[in-house]
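Using the sequences plus the hints, can you model the full thing?
Chain residues, written in single-letter form:
Protein chains: 2
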Amino acid sequence: MKKLIKDKTHFLKDMLDGLSKTNKDIKIISDTVVVRADKKQQGVAIVSGGGSGHEPAHAGYVAQGMLDAAVCGEVFTSPTPDKILNAIKAVDNGEGVLLVVKNYAGDVMNFEMAQEMAEMEDIQVETVIVKDDIAVSDVDKRRGVAGTVLVHKYAGYLAEQGSSLQDMKAQIETVLPNIKTIGMALTAPMVPTTGQYGFDIEADEMEIGVGIHGEKGLSREKVETVDKIVARLLNELLNEVNEDRLIVMVNGMGATPLSELNIVAKYVDEALESQNKTVTKWFVGDYMTALDMQGFSLTLVPESETLLKALTASTASPYFN
Amino acid sequence: MKKLIKDKTHFLKDMLDGLSKTNKDIKIISDTVVVRADKKQQGVAIVSGGGSGHEPAHAGYVAQGMLDAAVCGEVFTSPTPDKILNAIKAVDNGEGVLLVVKNYAGDVMNFEMAQEMAEMEDIQVETVIVKDDIAVSDVDKRRGVAGTVLVHKYAGYLAEQGSSLQDMKAQIETVLPNIKTIGMALTAPMVPTTGQYGFDIEADEMEIGVGIHGEKGLSREKVETVDKIVARLLNELLNEVNEDRLIVMVNGMGATPLSELNIVAKYVDEALESQNKTVTKWFVGDYMTALDMQGFSLTLVPESETLLKALTASTASPYFN
Numbered sequence: 033m034k035k036l037i038k039d040k041t042h043f044l045k046d047m048l049d050g051l052s053k054t055n056k057d058i059k060i061i062s063d064t065v066v067v068r069a070d071k072k073q074q075g076v077a078i079v080s081g082g083g084s085g086h087e088p089a090h091a092g093y094v095a096q097g098m099l100d101a102a103v104c105g106e107v108f109t110s111p112t113p114d115k116i117l118n119a120i121k122a123v124d125n126g127e128g129v130l131l132v133v134k135n136y137a138g139d140v141m142n143f144e145m146a147q148e149m150a151e152m153e154d155i156q157v158e159t160v161i162v163k164d165d166i167a168v169s170d171v172d173k174r175r176g177v178a179g180t181v182l183v184h185k186y187a188g189y190l191a192e193q194g195s196s197l198q199d200m201k202a203q204i205e206t207v208l209p210n211i212k213t214i215g216m217a218l219t220a221p222m223v224p225t226t227g228q229y230g231f232d233i234e235a236d237e238m239e240i241g242v243g244i245h246g247e248k249g250l251s252r253e254k255v256e257t258v259d260k261i262v263a264r265l266l267n268e269l270l271n272e273v274n275e276d277r278l279i280v281m282v283n284g285m286g287a288t289p290l291s292e293l294n295i296v297a298k299y300v301d302e303a304l305e306s307q308n309k310t311v312t313k314w315f316v317g318d319y320m321t322a323l324d325m326q327g328f329s330l331t332l333v334p335e336s337e338t339l340l341k342a343l344t345a346s347t348a349s350p351y352f353n
Numbered sequence: 033m034k035k036l037i038k039d040k041t042h043f044l045k046d047m048l049d050g051l052s053k054t055n056k057d058i059k060i061i062s063d064t065v066v067v068r069a070d071k072k073q074q075g076v077a078i079v080s081g082g083g084s085g086h087e088p089a090h091a092g093y094v095a096q097g098m099l100d101a102a103v104c105g106e107v108f109t110s111p112t113p114d115k116i117l118n119a120i121k122a123v124d125n126g127e128g129v130l131l132v133v134k135n136y137a138g139d140v141m142n143f144e145m146a147q148e149m150a151e152m153e154d155i156q157v158e159t160v161i162v163k164d165d166i167a168v169s170d171v172d173k174r175r176g177v178a179g180t181v182l183v184h185k186y187a188g189y190l191a192e193q194g195s196s197l198q199d200m201k202a203q204i205e206t207v208l209p210n211i212k213t214i215g216m217a218l219t220a221p222m223v224p225t226t227g228q229y230g231f232d233i234e235a236d237e238m239e240i241g242v243g244i245h246g247e248k249g250l251s252r253e254k255v256e257t258v259d260k261i262v263a264r265l266l267n268e269l270l271n272e273v274n275e276d277r278l279i280v281m282v283n284g285m286g287a288t289p290l291s292e293l294n295i296v297a298k299y300v301d302e303a304l305e306s307q308n309k310t311v312t313k314w315f316v317g318d319y320m321t322a323l324d325m326q327g328f329s330l331t332l333v334p335e336s337e338t339l340l341k342a343l344t345a346s347t348a349s350p351y352f353n
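Here the protein sequences line up with chains A and B, keeping their order. Count the first sequence with the working numbering and you get residues 33 to 353, in order. Count the second sequence with the working numbering and you get residues 33 to 353, in order.
Keep in mind the hints are simulated off the structure, nothing from the lab. Mixed in with the good hints there might be a few duds.
Same chains, same label: a pair holds when it works inside one copy or across any pair of copies.
Stated by the list, open to error - No more than 20 Å apart at the CA atoms, straight line, and that leaves these computed lysine-lysine pairs for PhoX-like:
no.	residue 1	residue 2
1	K201	K341
2	K341	K34
3	K34	K45
4	K56	K248
5	K59	K341
6	K71	K53
7	K248	K173
8	K56	K45
9	K121	K72
10	K260	K40
11	K71	K40
12	K45	K59
Structural data, given as structure tokens:
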């Protein structure tokens, strides 16, 4: 296995050590919890997290205007409830804590347990669960993928606007069903903690509908040119999105060059324009990755005035542009 | 070849189309020249560029506080003098134009020709040539690599401070000999315009001293753990850097996960600390890439008050943090 690591058992610790050494705006508590160096003194605090391997998610979004804490599990492994509880306790300033959770069984269960423990200590906690991956047909079983980062930003904005915990949850839950993502992979991620590829794929194949841990998607297909791949993904997305003014994220899966993400964006723009749809805000880059998987995901969200304002408001995170 | 492209002959055009569709702060002129949508009305204008395949360099740095134009060649191919001339003419506002050129024969020749043509049209032009890659022993033949991005930022800052063209050139040339970089690769880049890998490398090998086009470096070695790789590179760098307060860039080569760049940073920090050196500013991310090569480069620059101020001043580029 060719990886820039010392030891597979130290992957998470070494990554967090590097992050905290190089970024003075954050610090590590409780071994695997990233919090802001300067605790936010007012407004609802926002906690997210999950398995590692999705960098810059989630720790890279711990910053003014986005998250107050990220709880980092081992690679592709949910963080434990005690760590989530420690995060909640560290960031609560009396106005309550919102948990932003991706819809994976382990994450949902552990964040729920932490919420219950925090409530027993009289901390107000609410949870929103992101289920944006349309590759899964059953809406309740949809995975939380790149669209989660937009929720981090929206929540951060609402907190800065002084929303109450209940209002934030309600406002976010209005938007959540409208966030739609689908991903594709050209290659499988090499998982540093196992030394194995996440799945097998031939030199002329791609996986359509892949998840951010390399989970199987809709179908295994022969590789096509980018315009056809984009058409294929948009065909799935536009079954569920009818609006004409859209916010679009082209998310790199970790090892996709920025040049290719821009090429993807060109063909997304052309295809949407041909259907008389307008993109009012683009996000192009690595937001929610799967280690060193090559591929991308496409997220569409119908524009609203508030959402556009929230997603373009300033944040100190260097990874959200 | 698995690449998110439509046609290898359209790589550059499609990438620039995507970039300009998704970023309203820039526009494309003369097919392959990226300029700011709003031309800078005062101060020395700064033009850089070179072959494509190094994204976000150079087009991603066309922004307030950095470049005024980037001239984009085909993949790993120098841009032609006529395009460089068009860039110079487009951005000059009467205070002259500084060209920031990486030390490759084609780039140096073509930028020089463009400078001569511009001077014949009575535009003041000066050039600085970046030669930061210490993998080449002959100092005059050293390649310009990731350190170039720090020069973009320094130049952008000096321009905003109102430096004259001659002063800028002089100040930058004082710093240039102190910028030292060395790179390494775990994998070779797949070049989309040829469908070939940039070089051959075995599953248990790494290339030490690799260039940003996959040029051969110091040596081909068996893969080691990251701490040993870092020690190997720092050993080369610290032969040439004696100062104790350093600015450090850990630059991803395009397909290296951010997690691993942070792990690299941890071991760089530890190794420098053990030699009583202090890092006063870190840059960790993809700044100057080689398509989808896995690996990284390490740049050390002795800190100075002005340089630190310049490198931490605000810029509108989303890629320089």
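Q.
Regarding K71 and K40, is the shortest C-alpha distance of 20 Å or less found within a copy, between copies, in both, or in neither?
A. neither (32 Å within a copy, 50 Å between copies)
**Q.** Identical-chain pair category, K56 with K248, by Cα at 20 Å
**A.** neither (38 Å within a copy, 36 Å between copies)
(Q) If the cut is 20 Å between Cα atoms, do K121 and K72 qualify within a copy, between copies, both or neither? (A) within (13 Å within a copy, 48 Å between copies)
(Q) With identical chains, the pair K201 and K341 could be close in the same copy or across copies; at 20 Å between alpha carbons, which is it: within, between, both, or neither? (A) within (18 Å within a copy, 41 Å between copies)
Q.
Within, between, both or neither: how does the pair K71, K53 come out at a Cα-Cα threshold of 20 Å?
A. Answer is within: at 18 Å inside a copy they meet the 20 Å cutoff, but 38 Å across does not.
Q.
At most 20 Å between alpha carbons: which applies to K34 and K45, within, between, both or neither?
A. within (19 Å within a copy, 33 Å between copies)
Q: Pop the pair K45 and K59 into one bin, within, between, both or neither, using alpha-carbon distances up to 20 Å.
A: Answer is within: at 13 Å inside a copy they meet the 20 Å cutoff, but 43 Å across does not.
Q. Between the shortest in-copy and the shortest cross-copy C-alpha distance, which are at most 20 Å for K248 and K173: within, between, both, or neither?
A. within (14 Å within a copy, 49 Å between copies)
(Q) For K260 and K40, with the copy left unspecified, which applies at a CA distance of at most 20 Å: within, between, both, or neither? (A) between (38 Å within a copy, 15 Å between copies)
Q. Within a copy, between copies, both or neither: where do K56 and K45 come within 20 Å Cα-Cα?
A. Intra 17 Å, inter 39 Å, cutoff 20 Å: intra-copy only.
Q: Have a look at K59 and K341 and pick one of within, between, both or neither, based on CA distance no larger than 20 Å.
A: neither (29 Å within a copy, 24 Å between copies)
Q: Indicate which option fits the pair K341, K34 if close means a Cα-Cα distance not exceeding 20 Å: within, between, both or neither.
A: Answer is neither; intra-copy 43 Å and inter-copy 37 Å both fail.
In the structure shown, a violation is registered for the earlier hints numbered 2, 4, 5, 11, in ascending order.
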